[in-house]
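**Student:** Residue-level listing of the chains:
Protein chains: 2
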Amino acid sequence: MRTVKLDLDHAPYQILIDRGLLTQVDLILPLLPQPRVAIVTNETVAPLYLDPLRSALAARGVQVQAIVLPDGEVFKTWETLNLIFDGLLAARCERKTTLIALGGGVIGDMTGFAAAVYQRGVPFIQIPTTLLAQVDSSVGGKTAINHPLGKNMIGAFYQPRLVLADLDTLDTLPAREFSAGMAEVIKYGLIDDLFFFEWLEANIDRMMARDTGTLAWAIERCCQNKARIVAGDEKEQGQRALLNLGHTFGHAIESGLGYGAWLHGEAVAAGMMLAAVASEALGYLDAAAIERIRALLTRAGLPVVAPALGVERYLELMAQDKKVDAGTIKFILMRQLGQSYIGELDYATLTRTLQRGCA
Amino acid sequence: MRTVKLDLDHAPYQILIDRGLLTQVDLILPLLPQPRVAIVTNETVAPLYLDPLRSALAARGVQVQAIVLPDGEVFKTWETLNLIFDGLLAARCERKTTLIALGGGVIGDMTGFAAAVYQRGVPFIQIPTTLLAQVDSSVGGKTAINHPLGKNMIGAFYQPRLVLADLDTLDTLPAREFSAGMAEVIKYGLIDDLFFFEWLEANIDRMMARDTGTLAWAIERCCQNKARIVAGDEKEQGQRALLNLGHTFGHAIESGLGYGAWLHGEAVAAGMMLAAVASEALGYLDAAAIERIRALLTRAGLPVVAPALGVERYLELMAQDKKVDAGTIKFILMRQLGQSYIGELDYATLTRTLQRGCA
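In order, the protein sequences belong to chains H and V. Residues in the first sequence are numbered consecutively from 1, following UniProt numbering. Residues in the second sequence are numbered consecutively from 1, following UniProt numbering.
Some hints could be false.
As the list makes no split between identical chains, a pair holds if one copy fits it or if it spans any two.
In silico DMTMM-like cross-links for lysine to aspartate or glutamate, where the CA-CA straight-line distance does not exceed 20 Å [stated by the list, open to error]: (1) 330 x 312; (2) 330 x 94; (3) 96 x 344; (4) 330 x 233; (5) 5 x 26; (6) 96 x 233; (7) 330 x 192.
Since the hints were made in silico from the structure, they are not lab data.
All chains should be built: construct the whole structure from the sequences, respecting the hints.
**Tutor:** Following this line, the structure appears as structure tokens:
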């Protein structure tokens with residue numbers, strides 16, 4: 001079993017990575033303030049993994065409430081969040097009842113936010129069942145729901161007590177979902193880990209074949225990278241913004257096409273390509289580096305051309321982003337392959353980038 | 001000007017108490033990370049106090065967005081909260097935009113919760129305009145909205161950067177609202193401040209006449225008492241629960257009659273009488289003490305008899321309370337006049353109390 005320790009302000013916790021973790025409830029039991037949990041999952045994940053987890057907990061005397069939500073980014077709304085509150089209140093769940101998120105990034109973000117605000121905060125455990133959630137959304141304590149005017153606009157910083165990344169759950173992940181997770185994996189190479197980027201170039205076929213040892217090492221590396229960046233900047237005042245590489249463009253793509261048309265990871269992949277193209281225009285990246293990024297994303301089954309929403313529409317969508325400060329949009333750009341920075345783009349460069357980088 | 005300092009974990013701030021504070025924007029300006037605020041208020045308060053505050057800020061170069069909500073506890077819902085998010089997003093308010101709550105407890109609770117979760121947290125200032133908000137709800141960082149199945153069920157602990165208690169705003173407060181605030185004032189005497197309870201017995205007429213010096217001293221005393229209790233237990237793991245004297249019964253009254261039928265303070269007053277009657281049944285309070293409590297509440301214009309909802313309905317409503325631990329309802333009871341404690345009530349005593357204490 002691989003272990004990544006996060007030591008965030010007042011809330012240290014561990015990420016455990018291995019096969020067969022879902023039913024190892026000995027990992028969970030010591031963390032429960034009372035023998036009672038509410039498992040929040042969705043209609044896709046529930047038939048696969050809810051019963052094994054529920055049975056294992058019940059066999060140890062834990063009272064289990066299950067709340068099954070509809071599946072998809074389009075349901076990452078207040079209305080769906082309220083289904084969690086309805087379930088918790090109908091079952092009279094208390095302040096010491098622990099919420100367990102069993103699912104991908106949407107379930108993790110919504111359950112985490114529900115845990116942050118139900119009765120002003122209850123304990124919370126993450127069991128991410130997608131690659132994207134295992135390497136990214138379950139690490140670092142960001143929780144949120146979407147608002148019609150912007151993605152992740154309503155949320156909280158709230159840390160889980162434990163993250164169980166069970167590699168078995170990746171076996172059932174559809175190819176498109178797995179690829180979407182690979183976008184965030186590749187992102188860590190591009191942020192500040194050239195060694196990892198080159199390791200991915202050498203091991204991409206084994207990754208896509210979901211080889212256990214390869215997956216476990218890559219997930220650990222991603223979590224370590226994210227943990228290091230988050231620990232230095234828990235509330236995103238500075239360097240944590242690097243984790244948003246590809247996300248300013250990506251959120252605009254998701255929002256512009258309507259949530260759910262593209263998967264989050266797909267939009268991030270196309271967004272990272274736009275960031276690379278912009279960085280080339282600024283004179284930082286050369287054509288060879290661009291080509292290596294494009295090749296790796298393509299081999300991971302990801303889109304490398306952003307949809308043609310039009311320059312003005314992109315600007316309008318990006319102006320709504322949380323990473324706006326005094327009217328200026330912040331972009332994560334690349335100084336060189338494997339080294340990103342927080343910068344700005346002038347209107348001309350941004351226009352040229354969107355013209356070159358979109359379909 | 002009277003000042004109460006709160007030194008809560010990572011977020012020290014001041015409560016300032018005086019006349020004429022609303023337009024003293026020099027108190028606010030140094031706390032703004034950017035010259036931009038969103039004032040959240042309601043349809044009752046806006047015609048009285050929005051323009052003076054807005055003008056004073058605008059005259060100093062601050063960009064002001066106003067969000068005016070409907071007035072009343074019945075609007076302390078997600079739907080109304082969402083009007084704040086709609087307003088903030090439509091105006092493209094950023095992470096450094098400060099939210100100012102201008103109103104009573106409902107506005108303070110909702111604005112504080114909006115500040116806690118908008119873009120995962122933005123700065124927040126309280127300008128409470130009711131007695132209840134000045135002595136209670138604006139102190140200590142509790143924010144929340146109601147859920148159809150329970151009061152204040154969704155919320156956060158989130159501290160303001162400043163509280164301005166402008167005594168001028170109490171001049172326009174309807175008598176019923178002022179009395180409701182007096183319930184929380186008297187509560188501090190009953191929790192652990194016999195000196196203050198007796199001071200109130202001696203000064204209740206001056207209080208009800210809204211004499212400036214009397215008000216200022218009483219508000220300062222309440223804030224000091226609350227600050228002391230909260231500082232020892234910011235997340236309500238223990239002694240902070242004392243602040244809920246009268247509230248377990250009170251929330252049941254509010255919820256059982258439908259939010260808005262009784263004001264929160266009225267329900268708390270009747271709830272404190274039930275707590276006193278229960279304490280007498282347990283052999284702690286004598287008839288003379290009960291009579292003094294009843295007399296002071298009555299002189300403050302408050303109800304001392306709870307509505308007859310029926311014992312079973314009370315139990316059902318109270319079982320939904322946040323102060324439930326492992327199925328046991330916690331009650332705040334009185335060991336003697338001016339000394340409360342966190343305890344439990346057996347079924348027989350509770351039944352007898354509700355039969356004796358209700359209409």
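**Student:** Could you run down the list of hints and mark each one as holding or not?
**Tutor:** These are the hints, each one checked on the structure:
In the homo-oligomer, the alpha carbons of residue 330 and residue 312 lie at most 20 Å apart inside one protomer (17 Å), although the nearest pairing across protomers, at 58 Å, exceeds that limit. Taking the shortest alpha-carbon separations for residue 330 and residue 94, only the inter-copy value of 13 Å comes in at or below 20 Å, while the best intra-copy value is 41 Å. For the homomeric pair residue 96 and residue 344, the shortest alpha-carbon distance between copies (18 Å) is at most 20 Å, but the shortest distance inside one copy (45 Å) is not. Taking CA atoms no more than 20 Å apart as the test, residue 330 paired with residue 233 passes inside one copy only; the shortest distance there is 17 Å, against 39 Å between copies.
In this homomeric assembly, residue 5 and residue 26 come within 20 Å of each other (Cα to Cα) only inside a single copy, at 18 Å, whereas the closest approach across copies is 45 Å. Taking CA atoms no more than 20 Å apart as the test, residue 96 paired with residue 233 passes between copies only; the shortest distance there is 17 Å, against 29 Å inside one copy. For a Cα distance limit of 20 Å, the shortest separation of residue 330 from residue 192 inside one copy, 18 Å, qualifies, whereas the shortest one across copies, 52 Å, does not.
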